[in-house]
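Peer 1: Here is what each chain is made of, one letter per residue.
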Amino acid sequence: MIELRDIRKVFNEGKPHALTAVDGVSLVLDARAVTVLQGPSGSGKTTLLSLVGCMARPTEGRILLGDREITSLPERFLTDVRRRTFGFIFQQFNLVKGISALENVMLPAYPLGEHHASLKKRARALLDLFGILPRESSKAEWLSGGEAQRTAICRALINDPQIIIADEPTAHLDTKLSREFMDIVGRFKAEQKTVIIASHDPLVYGSPVVDRVITMRDGKIEAAGR
Amino acid sequence: MGNWFERQRNIIDFTLSSLVRRKGKNLALLLVYALLVFLLASVMFFTHALRREASFVLQGAPEIVVQRMSAGRHELIPARYLGMIKGIRGVSGVRGRLWGYYFDPFSGANYTLMVPEAFSHGSGDVIIGQGIARTRLVGPGDVLSFQRYDGTPAILTVREVLPSASELVSSDLIVLSENDFRRFFGMAPGLYTDIVLTVRNAKEVATVAGKVQKLLPDTRPILKSEILRTYDTIFDWRSGIIVVILSSAVLAFIIFAWDKASGLSAEERKEIGILKAIGWETSDVLLMKFWEGAAVSLTAFLAGVLLAYVHVFFTPVMLFEPVLKGWSTLYPSFKLVPFINPYQVATLFFLTVVPYTVATIVPSWRAATIDPDSVMRS
Amino acid sequence: MRKSTLFFMSLAVQSVLLIGAFTHAAYQHGRDAFILGETAALVKRLELTDLCLFTEARYTRHPTQADLHSPFQDHPLSFEHFPSGSLLALPKGIGGR
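Chains as they are written, first to last, in our numbering: chain A, 8 to 233; chain B, 3 to 380; chain C, 112 to 208.
Watch out, some of these pointers could steer you wrong.
What the hints assert, rightly or not - In the SDA-like style, the derived pairs of lysine to any residue whose C-alpha atoms are separated by at most 20 Å in a straight line are: (1) A:K104 x B:V96; (2) A:K128 x A:I106; (3) C:K114 x B:K337; (4) A:K128 x A:M189; (5) B:K213 x B:R202; (6) A:K104 x B:K337; (7) C:K155 x B:K213; (8) A:K146 x A:H122; (9) C:K114 x A:S125; (10) A:K127 x B:S20; (11) B:K25 x B:F292; (12) B:K337 x B:V96; (13) A:K127 x B:Q10.
Since the hints were made in silico from the structure, they are not lab data. Quick caveat: nothing in here was measured; it's all calculated off a predicted structure.
Between the sequences and the hints, there should be enough to build the whole structure, so can you do that?
Peer 2: Below you can see the structure in the form of C-alpha cells.
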C-alpha cells in the first residue's frame, strides 16, 4: 500500500518561472493492483509517478510506503529503497546505446554487487521469459520497438521489485505491441505485483486488467476512480 | 550491501563496455597518452641512468685540477708551479698533465690527446678510443697519420684500442707518450696543460684549494666535487630539451583535461541520467567514471613505462640520438647500465595517472548529482 | 570472458613486466658493476675529468675544465651555438644561481 498525504511538487520554487506540477494530492494506492494515472500531458501524472517511485522528493507532504515514511530519508537510503522496491519502464525505454540487450538488463543490479554469473543467469532467464533471448547480444540501438520495450521491461524486473512503475509505456508502440504490453501487465498482476502506469492511451486505461483509473488535471485529482 | 569486489568488477564491466563503444576515439586517446608517458619516462630513465653512471665513473677523477688563467683564458702552466704547490701542507702528490685537442680534417672530428702518467708503449705508438677506431676504420697494428703543429706528418701506430665498455669516457681519446705529445704541439718542456693534486686528507680538499689560489693567484683550482656536480646537473629539467619535452607534455595534458572537462556530451549526460533513474547512486556513477579514467591511464602508464625501459636500455636510444650527436662527427656509442627506482616510477605515476583520473571524475560530478527523475521530465 | 577479467589480466601482465624491468635493472646492475668499475679505473689511471658525450667543442667535451666564460663567448647568457650546450646547466656563479 502506498499512501500520499497532501503532496505538492513545485519546480523552480521561488523563481519567476515556478511551476506547480502536483498540487495537494492525497491518495491511497492499493498493493497488488493495477492503477492507471490518466490525464492530458502536463496534468502532473508523470511527476506524481516520479514522487511515488522515490525519484524525486515532494515540496510538501508525505509519502508512506507500507508503514514506512520515505520523504525524509537521506538520498542513499532513498536510492536503496528505490532500487529494491521499484522497477521502472520509461516512455523512451531509455536503454543505454552501444551495449548489448543483456547488459542493459543487468545494469540496475551492477552496483548491488551480485555475483556476475548468477546475475547473468537471472537476466537471461528474464529475456527468455519475454522471448527475446536470441537477441541478447544485440546492441540496444539494433533492437526493434517491441524488442526494446521487452528489454526495458526485463531491466525493470531484474531486481525483482514489488512495485512496477511505467510512464507512457505504449506511446511508441503500435496497437498490437500495446496489447501485448497490457498482457504482460496482466502477468505482473497475477504475480501479485503492484503496477502503477501513467498513460493517456485508451488501450491502457480501458484494459480489463486495470483495477483503478485516476484522472488528473492541472496537478489535481479530478476523479479518483474505484 | 553485496560483495564489494563484485560491485567493482560489475562496474568495470560496464565502464569497459562504454569505452569500447567509442573504440576509435578511445584507442587514439590511449595511444597518445601512452606516447606521452613513453616520452616522459624515456627522458627520466635516460637522464637518471646517465647521471648515476657519471657519478660512479667520475669518482676516479682527480681530486683537484689546477689551471692557470691568463687574460680570462686557460693557459699552459709552468713547471715551477709544481714545486710551489708541492710545498703546500696537505698535498701528497702533484703531477703536470698534458692534454689537448686535435681537429682531424680527414674525418672532421675533434680528438682528445692525452699523456698518461705511465705509458706502456714506446715512441710513435698510441692507444685509441673506440670512437676513433670506428670513424677512422683502424685497429691495433694500423697506422694513423696526423699533421704536427709545424706541418710535418706524424705517423702513429695503433697499439691498443680502449675497451668499448668504457666508451662513455674514452671514445675520442688518443693516448700517447710525453715526447710525442710535445713534438706534436711544439710544447716546450717546462710547460704543462694543467696540474693535478692528490690530497692526504679528503676533508682538506677545500682548504688546500684555497691555499693554492692564495699562493698562485693566477690559477683556478677545480675540485672533484665540482666535476661531479656538473654532471649531476646535466639534463637538468631546466636544460633546453627537457623543458621542451616537458612543456609539450604538459600542454598535451591540458588539452586532454580540457577535452574531458568540456567534453561531457549531451549523450553522456543522458546516459548518467538513465543510470540514476534505474537505481544507481551518485557514488556508483562516480565510481564508474573513476574506473574509466583509471583504466585508460593505468594501461597507458604501464605501456609507456615499459616501452621507455626497452627504448632506453635495450635499443640505441633513438629519441636522444640526434640530441647527443649534436654537431659532433665523433660520438660515443654506449649502453647505459639499467637503473630505475620506485621513486622515479611513482613520480611519473603522480604526474600522469592521478591528474588524468581526476580530470575524468571532476566534470562528471555535476552530471552525477542530477535528480533521477530528470530522465522522465525530458 | 568478462571484460573486467581481461582488464585485470592485462594489468597483471603489464605489472609483471614492470616488476621484470625492475628485476632486470637490479640484476644487470650487479653484472655491470664490474664493467663500470673498470671504466672508473680507467678514469683514475688516465686522470680523466669528463664524459665523452659531446665532442664538437672544447667546452662541451670538457665542460668541467672549460673557462668559466667559454660556453658564453659573446655574452654570459647568450644562446648556445651547439645543441648540446642546451643540455648543460650554467656554471656555478653565473646567471644568479
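Peer 1: A separate judgement is required for each hint: does it hold in the structure or not?
Peer 2: Hint check results:
Simply put, A:K104 and B:V96 have alpha-carbon atoms about 82 Å apart, too far for the 20 Å limit, and the pair is violated. For the suggested pair A:K128 and A:I106, the alpha carbons sit about 18 Å apart, so the restraint of at most 20 Å is met. For the suggested pair C:K114 and B:K337, the alpha carbons sit about 40 Å apart, so the restraint of at most 20 Å is broken. Between the alpha carbons of A:K128 and A:M189 the distance comes to roughly 26 Å, so the proposed pair goes past 20 Å and is violated.
Taken as a hint, the B:K213 and B:R202 pair is honoured in the structure, with Cα atoms around 14 Å apart against an allowance of 20 Å. Between A:K104 and B:K337 the CA atoms are separated by roughly 52 Å; this puts the pair beyond 20 Å, and the hint is violated. A hinted pair counts as satisfied when its Cα atoms are at most 20 Å apart, and C:K155 with B:K213 does not qualify at roughly 24 Å. Proximity of A:K146 to A:H122 is assessed by CA-CA distance (about 23 Å); at most 20 Å being required, the pair is judged violated.
For a cut-off of 20 Å, the pair hint linking C:K114 to A:S125 stands: about 17 Å separates their Cα positions. As the CA atoms of A:K127 and B:S20 are separated by approximately 18 Å, the hinted pair is consistent with the 20 Å bound. The suggested pairing of B:K25 with B:F292 holds, with an alpha-carbon distance near 19 Å, which does not exceed 20 Å. Distance restraint check for B:K337 and B:V96: the Cα-Cα separation of roughly 34 Å exceeds the 20 Å cut-off, and the hinted pair is therefore not satisfied.
About 16 Å separates the Cα atoms of A:K127 and B:Q10, which keeps this hinted pair within 20 Å; it holds.
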